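**Student:** Dock chain B against the given chain A, drawing on the hints supplied.
2 protein chains.
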Amino acid sequence: MAHLLSTSCSMKVSPSEKLSSKCWNIGSTKYPMSFTQQTSKSAFKSLVHQRNNTQKLTVVRATTVPLNQETKAESGTSSFENNGNTSGRKRVMVIGGDGYCGWATALHLSKKNYDVCIVDNLVRRLFDHQLGLDSLTPIASIQNRIRRWQGLTGKTIDLHVGDICDFEFLAETFKSFEPDTVVHFGEQRSAPYSMIDRSRAVYTQQNNVIGTINVLFAIKEFSEECHLVKLGTMGEYGTPNIDIEEGFITITHNGRTDTLPYPKQASSFYHLSKVHDSHNIAFTCKAWGIRATDLNQGVVYGVMTEETAMHEELCNRFDYDAVFGTALNRFCVQAAVGHPLTVYGKGGQTRGYLDIRDTVQCVELAIANPAKLGEFRVFNQFTEQYSVRDLAALVTKAGEKLGLNVETISVPNPRVEAEEHYYNAKHTKLAELGLKPHLLSDSLLDSVLNFAVQYKDRVDTKQIMPSVSWKKIGVKPQTLRA
Amino acid sequence: MAHLLSTSCSMKVSPSEKLSSKCWNIGSTKYPMSFTQQTSKSAFKSLVHQRNNTQKLTVVRATTVPLNQETKAESGTSSFENNGNTSGRKRVMVIGGDGYCGWATALHLSKKNYDVCIVDNLVRRLFDHQLGLDSLTPIASIQNRIRRWQGLTGKTIDLHVGDICDFEFLAETFKSFEPDTVVHFGEQRSAPYSMIDRSRAVYTQQNNVIGTINVLFAIKEFSEECHLVKLGTMGEYGTPNIDIEEGFITITHNGRTDTLPYPKQASSFYHLSKVHDSHNIAFTCKAWGIRATDLNQGVVYGVMTEETAMHEELCNRFDYDAVFGTALNRFCVQAAVGHPLTVYGKGGQTRGYLDIRDTVQCVELAIANPAKLGEFRVFNQFTEQYSVRDLAALVTKAGEKLGLNVETISVPNPRVEAEEHYYNAKHTKLAELGLKPHLLSDSLLDSVLNFAVQYKDRVDTKQIMPSVSWKKIGVKPQTLRA
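Residue numbers (this note's numbering), protein chains in the order written: chain A, 4 to 485; chain B, 4 to 485.
Errors might be hidden in some of the hints.
Given that identical chains are not distinguished, each listed pair holds provided it fits within a single copy or across any two copies.
[Unchecked claim] Straight-line distance between alpha carbons at most 27 Å, and here's what the computed DSSO-like set of lysine-lysine pairs gives: (1) Lys-475 <-> Lys-349; (2) Lys-429 <-> Lys-289; (3) Lys-474 <-> Lys-289; (4) Lys-289 <-> Lys-349; (5) Lys-223 <-> Lys-289; (6) Lys-439 <-> Lys-375.
Treat the hints as calculated values from the structure; they're not laboratory data. As the structure is a prediction and not an experimental result, all values here were calculated from the model.
Bound conformation, chain A alone (with noise of 0.2 Å):
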């Protein structure tokens, strides 16, 4: 099964740390002492160079990336090294960190002094640009992104760029950052992309199962005490019809009793994916005494984030198309723009909801107070539970009070699923660790619709009907008609 992105490019630009003469200069266009070409299987160079301070060999491999000039002028020279750990720091390798919520996390855990690196193969962009979707925000390139956030703040990023189901780049990463936690958003996350035909079910489940086994070797190998925090989803539970607890049960069966997995009952080929990661990283913490945390986070709505909101090359993504939305968000954007509120079906499909500030809180909570060595944990990751029908509700009045003309029509529902379920999801353990929650409120909801009305000039209303349907997925290659 061929990598869709088989390049892979480490790069670290701090622009704050002096260069020594012995390395590599991005104002001229002088290579560095050593430069060979090293042939491998991917089509990419490789620059190996000296690391002026432990004279560690660093392999950094990149494909030539023009960097715009400017970064010179604002923050000195770049350089292409990793001074590793001068302040003792927990370094955070946040892979996905490109992602809507990867970026906002990425962002905070670099203000909370985190030293933090991205790694992530863009793959989500490509996805864009195959399905004829694009974000409702304009969204700078990762590499400006970094470089903005180092001339505001003097942080400094990693970014390598590649695919962590190639293991080589993965371990050639893990080698050069050496992390103490490894957040673990970098997953296909979109339950309609799995479903729109065969080749999507299983890039899903491959490129996300395959990547989660490559990162729980490479902690075994390269970082054994490193604390996995993976993005799981309260999708994997399903809707039973018993309280859903964090990640485990007590069960009393025939006289005994035993304390057992929570039952999972996924569905989409993508929910699936996160229950295989769940049971192969239970798996290693018991074999190996791997450390992780699973959060399985509920539906992610907002965009803006303390950090994300510094600048607008900060700006955070903002999905509200049918395979990317998510619910509230699309709603906004439907309202904003006078499209009717789609609601699936009967719409009593109750799902726990979550800010994306809590997203970014919630993840350094877990950092904060990491895991036992053997331990897996399980978080329910979300602050409060609502229908569809009542999500159209609450927009449907905060859009009329910004004199929003709101309507809610019923879509037939492409997936399969309960539309009128008993829900009552457990979600303590976060708070428990001092979780501060933003509640979905109508200051908040007014934020997302203001929002939405000032990109609506953005939004390519051809992208908010559903067309991918879980029953009439099939084996041939699909391209998306919006």
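**Tutor:** Same frame as chain A, but now just chain B:
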């Protein structure tokens, strides 16, 4: 991720049916009237020929395989056509039909007048070469096996050699055979193999999970009512401290009750892949209405079935090595060659066991009593429970009766598993369908021991002790040194 095996070949060897003049005749080297070489990504030729009766265009893709003359003399000319459903008999595709359970099952079903086709990429035979292993029994090539069966019974078995992870190959096979039932053994089924190194852990999960997803898509696309009979494993449940039920458990929790999938706690990347399969299959039953039976099989012992005993060339493989051998089979071979019985750790590990004669019986019962459309059934497929210690004692007693001097040693456990635990697993559903179990008896032990003694000169004692450690698995590709 390159396929291990990318060539594929479908060839229906059926010496008993008369060839029409338009078809290909093995006796001579004459090719069929129309023979076109279809270039496609895998290195094989396509034979496109008109079927004489239904004029249905069948694409038969085959690598050129030298068929020996003997078949012609014994059973008239061979035909390379598939007569389609001449009899109204059930058509059963046995994926993995060259393996230990697959071969015995394919013959059993053929004997019971099912139209059988075997789909296999023969990678299990490659593993023997790669790991320096060999079956205790000499096994004929799959081509000679099939010819021998046809020579003895006049019954046709189609053979499709290819990889089910290659969807193009699988689709062609489905379209040409049109199965009513798919029996899916076609997975990497060894726990130790999956724990050799990272690449084999990844291969095991990718091969098993993606292969099964492809089978589900093929059923949905080409044979919607086809019944999937999938080989799962009792290992999916782990060793919980409560009774193990057959796939589902009714839980009363906080005053509410629901019947949910039984919690899974697998203990190797192989067992985990079966857990992933089960979740994926259950989802497609719910979303697409697929009918499936998950046979969670215990540890299989024995070698002879009625059909494989009919001729030396039909003989089944019998693995005794530490990677593919199963506990009781290994003990019998160890006793036969005077090697101490290798009990891992304390030996309290308790599992379900069954005779291979009951494997084929159970599969047939499941086929004859198919699941309903949209039903995901789970049967626990074993007949008795034993601890490893129990088995060692039984083999010692039976061996001594045959004049063998049998010792037992405790070997450091290479696995991560409970060595003393509660184990009470339900297994009533197959009995309710009429399973007549062959329970573990002295006579059975005698026959397996005598069988092992008969072939003891073929035993390589260097293959007996375990060399794969759950804890020491690493990222470097390993070449096992016996």
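**Student:** Would you mind marking each hint as holding or not holding in the structure?
**Tutor:** These are the hints, each one checked on the structure:
1. Taking CA atoms no more than 27 Å apart as the test, Lys-475 paired with Lys-349 passes inside one copy only; the shortest distance there is 20 Å, against 52 Å between copies.
2. With identical chains, the CA atoms of Lys-429 and Lys-289 are at most 27 Å apart both within one copy (25 Å) and between copies (26 Å).
3. For a Cα distance limit of 27 Å, the shortest separation of Lys-474 from Lys-289 across copies, 10 Å, qualifies, whereas the shortest one inside one copy, 38 Å, does not.
4. Proximity of Lys-289 and Lys-349 under a CA criterion of 27 Å is satisfied inter-copy only: 19 Å between copies versus 42 Å inside one chain copy.
5. With identical chains, the CA atoms of Lys-223 and Lys-289 are at most 27 Å apart within one copy only, with a shortest distance of 13 Å there and 37 Å across copies.
6. In this homomeric assembly, Lys-439 and Lys-375 come within 27 Å of each other (Cα to Cα) only inside a single copy, at 24 Å, whereas the closest approach across copies is 49 Å.
Comparing the model with each earlier hint shows no violations; every hint is respected.
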